[in-house]
Amino acid sequence: MFQPTPVDLRNRAREGLVRWLLLGLTLVIILPVLLILGVLAWKGTPALSLEFLFTEPREAMTAGGILPALVGTVWLVAVALLASVPVGVAAAVYLSEYAPDNALTRIINLAIMNLAGVPSIVHALFGVGAFVYFFRFGTSILAASLTLAVMSLPVIIVSTREALQAVPRAFREACWAMGATRWQTIRHVVLPNSVSGILTGVILEVAHTAGETAPIMFTGAAFFVPFLPEGIHDQTMALSLHLFIISTQVPGVPEPVPFAVALVLISLVMSMNAASIWVRTRLRRRKKW
Amino acid sequence: MVTGPAPPAPVPKVSARGLGVRFHGVPALSGVDLDVAPREILGIIGPAGSGKTSFLRAINRMDEFIPGMEIEGSLSLDGRDVRRFRNLYALRRRVGVVFPLPVGLPLSVYDNVALSPRLSGVRGKDELDGIVEKCLRRAALWDEVRDRLDTLGSLLSGGQQQRLTIARALSQSPDLLLLDEFSIAVDPVTTMRIEDVLRELREEVTIILVTNLVQQARRVADRTAFFLTGEMVEVGPTEALFEGGARDPRTTDYIEGRFG
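These protein sequence lines map, in sequence, to chains A and B. Quick note on numbering: the working numbering labels position 15 of the first sequence as 15, and the sequence is numbered without any gaps. Quick note on numbering: the working numbering labels position 161 of the second sequence as 161, and the sequence is numbered without any gaps.
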């Protein structure tokens, strides 16, 4: 009969302890999420209605709905991704598949790290200087989205590069040995097998972009615009800025309204995430090695 | 007695002179002089780290895609220095490579074999179908996968994947086939089947077989080279080498399993 030695017993006790400790700490992560969602749902639901979603604000934003801000946020996020995803993925492909290990590459990597560390208000000032004035885009969706795009580039580049690096090197060598060019290898083997990882970065950035307030404040999002944007050269309202304004700048807003705006913002982000996660799992089914 | 001029020696398929390979300055292989005759199977044996794989990588100029890899000396294919091939990709298409671990690309079985023809511009469905079937047949895999050409190559069993990679290498219609320890992840029965395939292919292509199994070289190779710590110790007819005819005692020791 197997008799546990004292070492066995100690290891077993430690194993149990560590397991519960890790579980406990993991639960700590869930708690704030549940609390935030719970409070928003509880306090915001009374103000939610179809009318709230699909009409414009009235009476100095103390009544009416949030349609312009909702549509504006969708515009901002969509245009920002249209700009940041191609540039970010291209940069990551270059860095992962082509770049030699030299001074230039190291400088580029350093720049990406630093870009990731720039506070969003500094991005805002950069956006004003570069897009609003220098490129003469004015305060517009275009200027605001490009500012958001610059802000999200580092995350997209880094996560895409990680996803590309996760494709085993043997796949590349097998493809090269067949006489494929680097680009053919990337196109047929590397990218198809890293799409799901690339999407993870994009998902993160959807949430990030939709929620940021500072970068769009001076570049394209407006206090109050009583009509929907018709193109990228219009100014627009945005949910994040609208939430900030009705919470701090406008007297007499009914209490549930800011919570309802926050709830809509979070739901918008979560539904975008859900869509990309669905796409990702579908793609991932193909990937097995 | 009248002697005519000696018949011209056939141009070797592969000819290495003073060939060396370095990775980040560290030599992996040096001073290799070796000729491979057309349509022979050359076995290369030797322990890990002896430079066998580096030799294969030098032939299709992998150094150009692998940072830190440098090649010195000369290496020619059909008498032409590989570095003088203006079109690197054309060179690589002539040289099929089978890797140690079966690298079934995460594409369907069909696409694995059709990839190379497609990359070189073959578009016709009938033509691709023909190539895929022919290559899978030659790799002794057709009967097992003919009904599931759409499944992922990476979902086949290890032995099937390895034959898939052979089919894929054949799809380039190479005239030189390099196999790098192909049996490392394959069961003995499949290994034997693949060895049979190699003996058949010998009619058409030159084969360099790097192997970790000394007996495999004995079974398949016409000549065998022994590599040790980055140098080629010797090369000779396989039978002679295995029947005690090795010139260097280290070769005999390795063959008889006294080290390595």
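Do not take every clue at face value.
[Unchecked claim] Restraint-style ranges between C-beta atoms, simulated for each label pair:
| # | chain 1 | residue 1 | chain 2 | residue 2 | range |
| --- | --- | --- | --- | --- | --- |
| 1 | A | L82 | B | E72 | 29 to 37 Å |
| 2 | B | G158 | A | R284 | 21 to 29 Å |
| 3 | A | I107 | B | D143 | 52 to 60 Å |
| 4 | B | D222 | A | V87 | 50 to 58 Å |
| 5 | A | L34 | B | V26 | 33 to 41 Å |
| 6 | A | A274 | B | Q215 | 54 to 62 Å |
| 7 | B | T151 | A | V87 | 33 to 41 Å |
Since the hints were made in silico from the structure, they are not lab data. Nothing here was measured: the structure is a model prediction, and the numbers come from that model. No residue lacks a Cβ here, since even glycine has one placed at the ideal position from N, Cα and C.
Take a look at whether the Cβ-Cβ distance between D222 of chain B and V87 of chain A falls inside 50 to 58 Å.
55 Å, holds
Does the Cβ distance between L82 of chain A and E72 of chain B fall inside 29 to 37 Å?
Since the Cβ atoms of L82 of chain A and E72 of chain B sit about 49 Å apart, the hinted range of 29 to 37 Å is violated.
Starting from the hint 52 to 60 Å, judge whether the C-beta atoms of I107 of chain A and D143 of chain B obey it.
Between I107 of chain A and D143 of chain B, where Cβ atoms are some 56 Å apart, the hint holds.
Assuming the hint says 33 to 41 Å, is it satisfied by the Cβ distance from T151 of chain B to V87 of chain A or not?
37 Å Cβ-Cβ, so the 33 to 41 Å window holds.
Verify the CB-CB distance for A274 of chain A and Q215 of chain B against the hinted window 54 to 62 Å.
58 Å, holds
Taking the beta carbons of L34 of chain A and V26 of chain B, is their distance inside 33 to 41 Å?
At roughly 55 Å between Cβ atoms, V26 of chain B and L34 of chain A fall outside 33 to 41 Å, so the hint is violated.
Using the beta carbons of G158 of chain B and R284 of chain A, state whether their distance is inside 21 to 29 Å or not.
23 Å, holds
Hints 1 and 5 from the list above are not met by this structure, while the remaining hints are.
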